[in-house]
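Colleague: My request is simple: use the sequences and hints to build the entire structure.
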Amino acid sequence: MWKYFVYALALFFISCEKRIELSLPYEGDRIVVNSLIQPDSLIYLRVTKSTPSNVYNESGFPEIENPEIRLASNDINLPALTKQTINGQTWWVSSSPAELGKRYTATVNAVGLTTVTATDTLPLAPVAEQAGAMRNSNRIQFLLKDRPGVTDYYRIKIAALAPGETIPNWLQFRLDPTFNNNLVDFFTRGNYSSLVMNDERFDGKSVMFVLQTEKPITSGTQLTVEISSLTVTTYQYLNSLYAQLQNGTAVTGVPVRVSSNVINGYGILGGINIKKLTIKVD
Amino acid sequence: MSLAAKLLTGMLIFCFPLRVFAWNWQTKITVVVKDQTLEQVCALIEKEYGIHFLYSPGLVNLSEKVSITAYNQRLKKVLEALLCPAHIRFARAGEQIILLPPKKQSITVNGFVRDAVSNENLIGATIYDPITKQGTITNAYGFFSLTLPVDTVNLFISYIGYQSKQLTVTDNQSGILQIQLPLEGNLQEVVVHPSSSPLQEQTQMSKMSLPNTAVKGMPRLLGEVDIMRTLQSLPGVNGGMNGAGGLYVRGGSPDQNLVLIDGSPVFNSSHFFGVFSLLNANVVKTTDLYKGAFPARFGGRLSSIIDIATKEGDMKSFHGDAAIGLISTKFNLEGPIIKDKTSFMISARRSYPDLLIKPMLVQDDGLGRDGDFQAFFYDFNLKVNHIISPKDRIFFSFYKGDDFLLLEDKEESKNTQGSKFQLGWGNTIAAIRWNRVYSPKLFSNVTANYSQYSFFTQFENKYLKIDSVNLSNISGKYNSTMATAGLRIDFDYRPMPAHTIKYGAVATMHYFKPANSSFEDTESPVKPLDTLNKGMRINGVEMSLYAEDEWRMRPNFFANIGVHGSMFVVEGRYYYSLQPRLGLRYLLPGNWAAKAAYTHMNQYIHLLSGSAISLPTDLWVPSTQRVAPMYSHQVTAGIAKTFEEMYELSLEGYFKSMYNMIENNENTTIFNKDVGRWDEHVTVGKGWSYGAEVMWQKKEGNTTGWIGYTLSWSNRRFPGLNDDKTYPFKYDQRHNIELVLVHQLGKNWEVSASWHYNSGTPYTMPVSSYGGIENPSPWEPSTPTTIDKYSEINNFRGRDSHRLDVGITYSKQKKRWLKSWNFSVYNVYNRRNPYFYVMDVDPVSMKRYLNQITILPILPSITYAVKF
Numbered sequence: 001m002w003k004y005f006v007y008a009l010a011l012f013f014i015s016c017e018k019r020i021e022l023s024l025p026y027e028g029d030r031i032v033v034n035s036l037i038q039p040d041s042l043i044y045l046r047v048t049k050s051t052p053s054n055v056y057n058e059s060g061f062p063e064i065e066n067p068e069i070r071l072a073s074n075d076i077n078l079p080a081l082t083k084q085t086i087n088g089q090t091w092w093v094s095s096s097p098a099e100l101g102k103r104y105t106a107t108v109n110a111v112g113l114t115t116v117t118a119t120d121t122l123p124l125a126p127v128a129e130q131a132g133a134m135r136n137s138n139r140i141q142f143l144l145k146d147r148p149g150v151t152d153y154y155r156i157k158i159a160a161l162a163p164g165e166t167i168p169n170w171l172q173f174r175l176d177p178t179f180n181n182n183l184v185d186f187f188t189r190g191n192y193s194s195l196v197m198n199d200e201r202f203d204g205k206s207v208m209f210v211l212q213t214e215k216p217i218t219s220g221t222q223l224t225v226e227i228s229s230l231t232v233t234t235y236q237y238l239n240s241l242y243a244q245l246q247n248g249t250a251v252t253g254v255p256v257r258v259s260s261n262v263i264n265g266y267g268i269l270g271g272i273n274i275k276k277l278t279i280k281v282d
Numbered sequence: 001m002s003l004a005a006k007l008l009t010g011m012l013i014f015c016f017p018l019r020v021f022a023w024n025w026q027t028k029i030t031v032v033v034k035d036q037t038l039e040q041v042c043a044l045i046e047k048e049y050g051i052h053f054l055y056s057p058g059l060v061n062l063s064e065k066v067s068i069t070a071y072n073q074r075l076k077k078v079l080e081a082l083l084c085p086a087h088i089r090f091a092r093a094g095e096q097i098i099l100l101p102p103k104k105q106s107i108t109v110n111g112f113v114r115d116a117v118s119n120e121n122l123i124g125a126t127i128y129d130p131i132t133k134q135g136t137i138t139n140a141y142g143f144f145s146l147t148l149p150v151d152t153v154n155l156f157i158s159y160i161g162y163q164s165k166q167l168t169v170t171d172n173q174s175g176i177l178q179i180q181l182p183l184e185g186n187l188q189e190v191v192v193h194p195s196s197s198p199l200q201e202q203t204q205m206s207k208m209s210l211p212n213t214a215v216k217g218m219p220r221l222l223g224e225v226d227i228m229r230t231l232q233s234l235p236g237v238n239g240g241m242n243g244a245g246g247l248y249v250r251g252g253s254p255d256q257n258l259v260l261i262d263g264s265p266v267f268n269s270s271h272f273f274g275v276f277s278l279l280n281a282n283v284v285k286t287t288d289l290y291k292g293a294f295p296a297r298f299g300g301r302l303s304s305i306i307d308i309a310t311k312e313g314d315m316k317s318f319h320g321d322a323a324i325g326l327i328s329t330k331f332n333l334e335g336p337i338i339k340d341k342t343s344f345m346i347s348a349r350r351s352y353p354d355l356l357i358k359p360m361l362v363q364d365d366g367l368g369r370d371g372d373f374q375a376f377f378y379d380f381n382l383k384v385n386h387i388i389s390p391k392d393r394i395f396f397s398f399y400k401g402d403d404f405l406l407l408e409d410k411e412e413s414k415n416t417q418g419s420k421f422q423l424g425w426g427n428t429i430a431a432i433r434w435n436r437v438y439s440p441k442l443f444s445n446v447t448a449n450y451s452q453y454s455f456f457t458q459f460e461n462k463y464l465k466i467d468s469v470n471l472s473n474i475s476g477k478y479n480s481t482m483a484t485a486g487l488r489i490d491f492d493y494r495p496m497p498a499h500t501i502k503y504g505a506v507a508t509m510h511y512f513k514p515a516n517s518s519f520e521d522t523e524s525p526v527k528p529l530d531t532l533n534k535g536m537r538i539n540g541v542e543m544s545l546y547a548e549d550e551w552r553m554r555p556n557f558f559a560n561i562g563v564h565g566s567m568f569v570v571e572g573r574y575y576y577s578l579q580p581r582l583g584l585r586y587l588l589p590g591n592w593a594a595k596a597a598y599t600h601m602n603q604y605i606h607l608l609s610g611s612a613i614s615l616p617t618d619l620w621v622p623s624t625q626r627v628a629p630m631y632s633h634q635v636t637a638g639i640a641k642t643f644e645e646m647y648e649l650s651l652e653g654y655f656k657s658m659y660n661m662i663e664n665n666e667n668t669t670i671f672n673k674d675v676g677r678w679d680e681h682v683t684v685g686k687g688w689s690y691g692a693e694v695m696w697q698k699k700e701g702n703t704t705g706w707i708g709y710t711l712s713w714s715n716r717r718f719p720g721l722n723d724d725k726t727y728p729f730k731y732d733q734r735h736n737i738e739l740v741l742v743h744q745l746g747k748n749w750e751v752s753a754s755w756h757y758n759s760g761t762p763y764t765m766p767v768s769s770y771g772g773i774e775n776p777s778p779w780e781p782s783t784p785t786t787i788d789k790y791s792e793i794n795n796f797r798g799r800d801s802h803r804l805d806v807g808i809t810y811s812k813q814k815k816r817w818l819k820s821w822n823f824s825v826y827n828v829y830n831r832r833n834p835y836f837y838v839m840d841v842d843p844v845s846m847k848r849y850l851n852q853i854t855i856l857p858i859l860p861s862i863t864y865a866v867k868f
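So the protein lines, in turn, are chains A and B. Note that our numbering gives residue 6 to position 6 of the first sequence, counting from 1, and the numbers run on in steps of one. Note that our numbering gives residue 192 to position 192 of the second sequence, counting from 1, and the numbers run on in steps of one.
Honestly, the hints are just simulated from the structure, not real lab data. Certain hints may be false.
To be verified - Here are the simulated distance ranges between beta carbons: (1) B:Ile707 - A:Thr151: 58 to 64 Å; (2) A:Val127 - B:Val541: 48 to 54 Å; (3) B:Trp779 - A:Arg147: 26 to 32 Å; (4) B:Arg537 - A:Arg201: 19 to 25 Å; (5) A:Gln130 - B:Asn715: 50 to 56 Å; (6) A:Ala72 - B:Arg717: 37 to 43 Å; (7) B:Arg677 - A:Asn74: 19 to 25 Å; (8) B:His633 - A:Ile20: 37 to 43 Å; (9) B:Gly720 - A:Thr218: 43 to 49 Å; (10) B:Ile707 - A:Ile20: 27 to 33 Å; (11) A:Ser23 - B:Val694: 31 to 37 Å.
As the list claims (entries may be wrong) - EDC-like mimics (lysine to aspartate or glutamate), calculated; alpha carbons at most 16 Å apart, straight line: (12) A:Lys18 - B:Asp842; (13) B:Lys789 - A:Glu27; (14) A:Lys18 - B:Glu680.
Said to hold, decoys possible - Facing chain B, from chain A, some residues (calculated, C-beta under 7 Å): (15) Thr48; (16) Gly60; (17) Tyr154; (18) Tyr192; (19) Leu195; (20) Val251; (21) Thr252.
Source: prediction; values computed, not measured. By construction, the Cβ of each residue, glycine as well, lies at the ideal position given by its N, Cα and C atoms.
Modeller: Here is the structure:
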């Protein structure tokens, strides 16, 4: 008897869903420029087009055929980028590596679309060392030496290459709640594929970071802890990007707007400097 | 000179002073008359002594017959004996005596209006003199004082649900009147009169009064009679998402509402995440909602005052009621401790979804053998009132209400050895009040109160560590507390017929202790990164003085002029504010009244919210160096009229501007940041709301109810948000219609229905989508990233909402008690109103679409209640 009563009560509160066919507003086609520039590495730039929000682009957004791309370093035009197809996508690649201390500007033009421009510099490499992990544990740690007096921006990711595999996987992890002293992290039990932060809580200090992976690290796994320095532009972009992705698909409150430095268009042209610490867990 | 000439001259000298110059108040005269009019007596004196009387026959009535025998008496004494009984005044002007009409007498009538059966004070009862067309209403303690320019007055005393009473009071009657009104239902003959002061007789505008009977008559959600939901049925009040998101009054946000229970502030006015009110409606006597035109005695919030008065307890006999419904059970008991001297009222309510769900969980072994599950809310009320003397009365009231969730999982798995999660929040309120009638014209109330809101959550997890055989015990706590302790004194002073003055002083100590957390891992050697989230403890003192005068400036022109001055001291900083209040009323022909009001309000505390709706986790914080106190200006104008003594029509337009409001900075969530520096993560901006409200109400008869319509706009502008441009507030709903009907069907049946409609709520939808990038090298593994581009905030309107609720109550009077069954259906035609939307993907059509999530579908409920 109780059981049926409970079922009846639950039925009362149960939410129901209904598909609503509504025409969403559309701002019109815009050029999208995406490039994270790593010092001492070739510059890869991708040019696509925006679509209305109700279009599902499972395999990626439409590419712009034959865009006119001008890449400049400290306002001096670099040689034309070459077109390459990598993993099924079209990328425009520079002929020479990016150099630290230079300011890069990309200008992209396409028929029927407004010309866009984006500019950024490159950050110094992070000072990180002493990476370590224990077999069958879920904790990874490394030492990060932060520069005093300036605001630094970082991103942390962990890639794992299990024995017998050739392509590494990005691990889900989080800052150890004890280390982060963050009760909300502990309650939510959330794990992320990357952490983006600034140094407001450890400016100028050498901090031993403790990360907690979602799953225990098995023996024989090769871990790569990727610590990236970011420019403020890249930091704002990645921080807001992850926040929007984390927000999910519910339309409530004020949504996260992803930062962009592409004038008249969307996307990012940002500096990043990655340092990789590799650990072999035996 | 001949002897004759000398004699004549001597007589002239002797006589002239006597007849022309010689009289004064000491002059001796002789008057002996019987049953002669005053006019005749004056003529006789004039003839005999040459004393001329001057008067206006239209003003001075000398027709009264008198008899007097005065031999050689002083003139003044004789005139006093003749004229004073007729209240005719006299004075000398040159050689004449001027007769003046009786000086206008004034009478001050004061006393209490009470329920004839329980002796409960009736708040807002109308005392009205139809001759002078002046009146007043009882204050929050049932007291009234009315000074009228007459010596005898026929007063009309009325109150909704009670039989009106006519009372003749003469100048000779003094002392505090104790007027008792019997309930209409107890009478064989019901006299229908205006149940409250006609709208056109009230200078106060933008005020809605809900007596308990009106709240009880509404259809119920899951069997619960609910005050806040009833308030949402009034024009100008928005209930947020499906009525579960707090109250939004005239475009303001929920933190701008001051909810008072017996004069004590409440910080969280709901149970169950906003679905139910914090108070058992059976203990509520009246609820007053002020949407604007705030009297000077109120301050501290921008958008509304919700003044709830609870019952005081029957002074004569024991009564009670109990009800069992789908979601909760409650009881209420009241009675005398000392008959006609001391009474009490005690009430309790508890919900019981956990009592139903727990057996299911235990049966399915979902929580392990000794696991536990609790999920409920409860509230408890106690009130004691004691009459010390006819002039002194003391009240003690106490409220405690909590929501609580416990989930204790003792099921053992591979690594987990059990976990425990608790969540709770609630209010604790206590107050002592002392009423004193100093004189027929002066009444005072002294209140000392304490109000606390606290939220806590606790988590405990025991598990075997992955890398060891040791048991790890992780536990964490998080709590927030907001408390106030206040002392206030209020005076009601009625010095003369044209003035009703209220003044007083308030001192409030605020205590803020938001977002305190502690975290412990018994096995972890990890050193915390920092200790930023240790929370903060701040004390603040708020003091205010106020004065207001309800002034009858002309027979048809009235004003309420007031000022509220306040000061807030926190962390060595001083904030102060002088807030003028003005209300005007002009009586037009045909019993119409035109009204206008201006109010300036100030608010020293802010609510930090991490979501689109009010949640128990929201934090109250004081103003800081960077975030100054909020303030608002509101201008209201309208007309009002009462038709046929039972229909009321009001039409009001308003414009409200709000300043120093806060909103989270774009892309920040306040709870992920250091609360101690919350002001760095918010942006400070402005808001505007304007609109018009019309309400047609029927207050008497077998069918009562109202229809209300609101046309409104509400906008916000915050630096750093929406490219610094103005955008619609999240509850900017253009049209709102409320229809409420309650019909008495014979002796035993009552049916009710309410229909609610509001136009779509704004949402922020993307204006396009594009691909993102996370890595510099395309050779590294990655998944496609879709970014939604958002442009303007709240650029999209959701679907309109509407629903119909109905209820039917059957009551039967037994010998000793009254039983009743109520059957209600919420959302009768199962309208799927939007609660929120989700962007979903249809992989077949390769489209993204909006999925509308709906809660609270059709919900029937049944409640059984007894009353004795």
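Colleague: Work down the list of hints and note, for each, if the structure agrees.
Modeller: Do the hints match the structure? See the list:
1. B:Ile707 - A:Thr151: 58 to 64 Å: 59 Å, holds
2. A:Val127 - B:Val541: 48 to 54 Å: Roughly 50 Å apart at Cβ, these two residues keep to the hinted range, so it holds.
3. B:Trp779 - A:Arg147: 26 to 32 Å: For Arg147 (chain A) against Trp779 (chain B), whose Cβ atoms are near 30 Å apart, the range 26 to 32 Å holds.
4. B:Arg537 - A:Arg201: 19 to 25 Å: For Arg201 (chain A) against Arg537 (chain B), whose Cβ atoms are near 22 Å apart, the range 19 to 25 Å holds.
5. A:Gln130 - B:Asn715: 50 to 56 Å: 54 Å, holds
6. A:Ala72 - B:Arg717: 37 to 43 Å: 38 Å, holds
7. B:Arg677 - A:Asn74: 19 to 25 Å: Hint violated: Cβ distance 38 Å, outside 19 to 25 Å.
8. B:His633 - A:Ile20: 37 to 43 Å: Hint holds: Cβ distance 39 Å, inside 37 to 43 Å.
9. B:Gly720 - A:Thr218: 43 to 49 Å: 47 Å, holds
10. B:Ile707 - A:Ile20: 27 to 33 Å: 30 Å, holds
11. A:Ser23 - B:Val694: 31 to 37 Å: 34 Å, holds
12. A:Lys18 - B:Asp842: 13 Å, holds
13. B:Lys789 - A:Glu27: 9 Å, holds
14. A:Lys18 - B:Glu680: 40 Å, violated
15. Thr48: 5 Å, holds
16. Gly60: With Cβ-Cβ at 5 Å, under 7 Å, it holds.
17. Tyr154: This interface hint is violated because 13 Å lies over the 7 Å limit.
18. Tyr192: This hint is violated: Tyr192 (chain A) lies away from chain B, its Cβ roughly 12 Å from the closest one there, beyond 7 Å.
19. Leu195: 12 Å, violated
20. Val251: 4 Å, holds
21. Thr252: Result: holds, 5 Å to nearest chain B Cβ.
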